[in-house]
Amino acid sequence: KQEVTQIPAALSVPEGENLVLNCSFTDSAIYNLQWFRQDPGKGLTSLLLIQSSQREQTSGRLNASLDKSSGRSTLYIAASQPGDSATYLCAVLYSSASKIIFGSGTRLSIRP
Amino acid sequence: DAGVIQSPRHEVTEMGQEVTLRCKPISGHNSLFWYRQTMMRGLELLIYFNNNVPIDDSGMPEDRFSAKMPNASFSTLKIQPSEPRDSAVYFCASSRTTGGVGSPLHFGNGTRLTVT
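Protein sequences appear in the order of chains A and B.
Here the first sequence stands for residues 11 to 122, numbered as in this note's numbering.
Here the second sequence stands for residues 3 to 118, numbered as in this note's numbering.
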């Protein structure tokens, strides 16, 4: 069964720290992996998309990596700020299923 | 670009009534997805369309749910009759897909459905 897992479910860190969010997937045959941010009561905002052929993508203070062989992706957030508080979800487009499977998300809280 | 537009933002209805949710994808996107989000089950894919054709509707919970995409700029998700367990936030998302490789998925702000 093709699954996407995110651990931990919740994380709280003080402002200014660097942090890593984890995402794991069960099948290495993927087209791409995408990281999203969701604020309470809102839709999902795309942060980074990593194609299968890529190892990482960067946008500002965010860096996402992809290791297909181990079925893992990480989202690195540098110099965290209270405005980074949100739920972060990863989603995998599996080659065989041709549909996007979401993890359950990590709820991130940055303490001022 | 206005992004993915969903309407209504909120819908409160009584059990047994018909509910229709609407979505306008981003212009030029050829894939459209309907998701449902609840605290218990997270984000669930209900159905997705490619070039206006339903590709996979295996996530549609039961026959009470139906979805259409009559043209590239409009889709509906209908629930008839609605039940309290259908209460959730329903999201529409779109992307540009070529040969199975997708561009970033863009979400609308969702429709919060409450069935009493």
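What the hints contain is simulated information worked out from the structure, not anything from laboratory work.
All figures in this text were calculated on a predicted structure; none of them were measured in a lab.
Any given hint could be a false lead.
What the hints assert, rightly or not - Okay, the calculated beta carbon distance ranges per label pair: (1) A:Lys11 with B:Thr116: 30 to 38 Å; (2) A:Ser106 with B:Asn53: 39 to 47 Å; (3) B:Gly30 with A:Gln91: 15 to 23 Å; (4) A:Ser79 with B:Ile57: 27 to 35 Å; (5) A:Ala19 with B:His12: 25 to 33 Å; (6) A:Gln64 with B:Ser29: 20 to 28 Å; (7) A:Ala39 with B:Arg114: 34 to 42 Å.
Ideal Cβ placement from N, Cα and C applies to all residues, glycine included.
Hints versus structure:
1. Between Lys11 (chain A) and Thr116 (chain B) the CB atoms are about 32 Å apart, so this pair conforms to the stated range of 30 to 38 Å.
2. Between Ser106 (chain A) and Asn53 (chain B) the C-beta distance comes to about 20 Å, which lies outside the given range of 39 to 47 Å.
3. Checking the proposed 15 to 23 Å range against Gly30 (chain B) and Gln91 (chain A) shows it is violated: the Cβ atoms sit about 34 Å from each other.
4. Roughly 29 Å separates the CB atoms of Ser79 (chain A) and Ile57 (chain B), a value that falls within the hinted 27 to 35 Å.
5. Evaluation of the 25 to 33 Å hint for Ala19 (chain A) and His12 (chain B) yields a pass: the beta carbon distance comes to about 27 Å.
6. Against the hinted window of 20 to 28 Å, the Cβ-Cβ separation of Gln64 (chain A) and Ser29 (chain B) comes to about 27 Å, which satisfies the hint.
7. Distance hint check for Ala39 (chain A) and Arg114 (chain B): the Cβ-Cβ separation is about 36 Å, which falls inside the suggested range of 34 to 42 Å.
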